[in-house]
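Enquirer: We have chain A already, so just place chain B on it with the hints.
Those sequence lines, one after another, are chains A and B.
Following our numbering, the numbering of the first sequence begins with 1 at its first residue and continues without gaps.
Following our numbering, the numbering of the second sequence begins with 113 at its first residue and continues without gaps.
Simulated from the structure, these hints should not be mistaken for lab results.
Some clues are possibly wrong.
Claimed, not checked - Sample of chain B residues with no beta-carbon within 12 angstroms of chain A, all distances over it, derived:
no.	residue
1	L125
2	Y128
3	T143
4	L145
5	D153
6	A162
7	A167
8	P230
9	A276
10	Y277
11	P278
12	L291
13	I313
14	V316
15	F331
To be verified - The list that follows gives simulated cross-link-like pairs (lysine to any residue, SDA-like), each with its CA atoms no further than 20 angstroms apart:
no.	chain 1	residue 1	chain 2	residue 2
16	A	K35	B	D146
17	A	K35	A	Y6
18	A	K35	A	D58
19	A	K35	A	Q13
20	A	K35	B	I325
21	A	K35	A	P4
22	A	K35	A	H25
23	A	K35	B	A150
24	A	K35	B	G208
25	A	K35	A	F7
26	A	K35	B	L271
27	A	K35	A	R2
28	A	K35	A	G52
29	A	K35	A	S24
30	A	K35	B	A161
31	A	K35	A	Q3
32	A	K35	B	R158
33	A	K35	B	E159
34	A	K35	B	V160
35	A	K35	A	A57
36	A	K35	B	A147
37	A	K35	B	P327
38	A	K35	A	E59
39	A	K35	B	V164
40	A	K35	A	E60
Here the structure is a predicted model, which is why all the values come from computation and not from measurement.
Glycine included, C-beta positions come from ideal geometry on N, C-alpha and C.
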Amino acid sequence: MRQPTYFILASLQDGPLHGYAIISHADDLSGGQVKLATGTLYAALDRLTGEGHVRVADEEVVNGRARRYYELTPQGRAGLHAEAERLAAAARIVTERRPAAKRRVRSKVVPA
Amino acid sequence: VNHRLERCYARLLRLYPAAYRRERGAEILGTLLDAADAGRDHPPRREVAALVVGALRARLGTAAAFSTGRGYPATLRVAALALVCHAVASAGSHAGPVVFRELLIDRQLMFVWDIGYPLAFLTGIGALLLLARGSYRLGVGLVAVTFGLQQWAQGLQNLRFHPAYPDFWQLPLALALMLPLVWLRPAVPNQSWRWLFGIPIALVVLPTQLNEILPVQPFALWAVGIVALLLSMVDPRVGIAVAALLLAPILSLLGFYYLPGEVGDPFVAMTLLTYATFAVPLIAVGAALIRRMRL
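If we strip away everything but chain A, and leave its shape as in the complex, we get:
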């Protein structure tokens, strides 16, 4: 799973969000690493909706414009958790590594 997709799905974990809220949450959750352009967000939402990971939860009209709220589907939540576990397992390989015993480097003794 690509990083922007991961943070889009992660931003929807706690409930439905509209487009701008997803952009803000993804920015916060990624520590500023994922700054989604609106065009990129909607292309990703199209793809995620097509894949069945995200669906429209609600729709309202704000200032005369439609505003849709998106939420994770059970499949999307499972996919997000599977990816999080994969990343955690990959991180553990480094973070849980015991410090290796100092290797003694023998200097070569060159016979006279």
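Expert: Just chain B now, kept in the frame of chain A:
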């Protein structure tokens, strides 16, 4: 609300297909304005780029093609359709003189097998429509019939030289790409009849018999290669499809190169290199981008 910024975004959103705009336009515009920095009256460059790419992808149906991990079958389908388009255009460029000069003016066929070209043109159109609609089994059959008619029209007495003809390989390559589709069955977008527009386009921009009166080659082909490389960044299917189109003349030239008396022809070698110069990066970029199109 900054009205100037809103107008700029509204203009950019016109790049999206009308149906998409009706469904999503107001929502995207709202999000764009929510996300805009205070006091800004021009869209940032990255937002413009994202909207242009998003609009092109919406027009090409990229998101739908690559959903549910169907990227490779969707790519095979587009490449096969492009090859059939070229083959039909090629048959049409031969069929024109047969119909207008031999049948309508002279009212007599020069050779009986000349009728194979108009027949191949008609069956080719049928095959293209069947493939575009997702009837792969019937489409494979009709492509095979079209290929047979094309070979008959070119004279069966010279069959062993046919692989060196510039319009030989399109249909065998299309058949090879279509066979997996019979089982993989990629999604078929609406308005698949639009592939018919590919025939006149192929007639002009790809090598066909028309080049004898319309000397646009090799420039048209270079333009196709450059445009395909650029469009690959938006939809990798385009690059792979054009690479498949270039593979057909490469195979013909290889056949020509190895025929007795032609070995070492520097013109053939140069032409081969020209085709390969576009085909190789198109395949590489396309394959890399198809992998990137995953979630």
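Enquirer: Next step is simple, just say for each hint if it's right about the structure.
Expert: Verification of the supplied hints:
no.: 1; hint: L125; in the structure: 10 angstroms, violated
no.: 2; hint: Y128; in the structure: 10 angstroms, violated
no.: 3; hint: T143; in the structure: 4 angstroms, violated
no.: 4; hint: L145; in the structure: 9 angstroms, violated
no.: 5; hint: D153; in the structure: 17 angstroms, holds
no.: 6; hint: A162; in the structure: 3 angstroms, violated
no.: 7; hint: A167; in the structure: 8 angstroms, violated
no.: 8; hint: P230; in the structure: 42 angstroms, holds
no.: 9; hint: A276; in the structure: 44 angstroms, holds
no.: 10; hint: Y277; in the structure: 42 angstroms, holds
no.: 11; hint: P278; in the structure: 39 angstroms, holds
no.: 12; hint: L291; in the structure: 26 angstroms, holds
no.: 13; hint: I313; in the structure: 27 angstroms, holds
no.: 14; hint: V316; in the structure: 32 angstroms, holds
no.: 15; hint: F331; in the structure: 33 angstroms, holds
no.: 16; hint: A:K35 x B:D146; in the structure: 14 angstroms, holds
no.: 17; hint: A:K35 x A:Y6; in the structure: 13 angstroms, holds
no.: 18; hint: A:K35 x A:D58; in the structure: 25 angstroms, violated
no.: 19; hint: A:K35 x A:Q13; in the structure: 18 angstroms, holds
no.: 20; hint: A:K35 x B:I325; in the structure: 53 angstroms, violated
no.: 21; hint: A:K35 x A:P4; in the structure: 8 angstroms, holds
no.: 22; hint: A:K35 x A:H25; in the structure: 10 angstroms, holds
no.: 23; hint: A:K35 x B:A150; in the structure: 17 angstroms, holds
no.: 24; hint: A:K35 x B:G208; in the structure: 56 angstroms, violated
no.: 25; hint: A:K35 x A:F7; in the structure: 10 angstroms, holds
no.: 26; hint: A:K35 x B:L271; in the structure: 60 angstroms, violated
no.: 27; hint: A:K35 x A:R2; in the structure: 14 angstroms, holds
no.: 28; hint: A:K35 x A:G52; in the structure: 24 angstroms, violated
no.: 29; hint: A:K35 x A:S24; in the structure: 8 angstroms, holds
no.: 30; hint: A:K35 x B:A161; in the structure: 14 angstroms, holds
no.: 31; hint: A:K35 x A:Q3; in the structure: 11 angstroms, holds
no.: 32; hint: A:K35 x B:R158; in the structure: 10 angstroms, holds
no.: 33; hint: A:K35 x B:E159; in the structure: 11 angstroms, holds
no.: 34; hint: A:K35 x B:V160; in the structure: 15 angstroms, holds
no.: 35; hint: A:K35 x A:A57; in the structure: 24 angstroms, violated
no.: 36; hint: A:K35 x B:A147; in the structure: 11 angstroms, holds
no.: 37; hint: A:K35 x B:P327; in the structure: 49 angstroms, violated
no.: 38; hint: A:K35 x A:E59; in the structure: 25 angstroms, violated
no.: 39; hint: A:K35 x B:V164; in the structure: 18 angstroms, holds
no.: 40; hint: A:K35 x A:E60; in the structure: 25 angstroms, violated
Against the hints set out earlier in the document, violations occur for numbers 1, 2, 3, 4, 6, 7, 18, 20, 24, 26, 28, 35, 37, 38 and 40.
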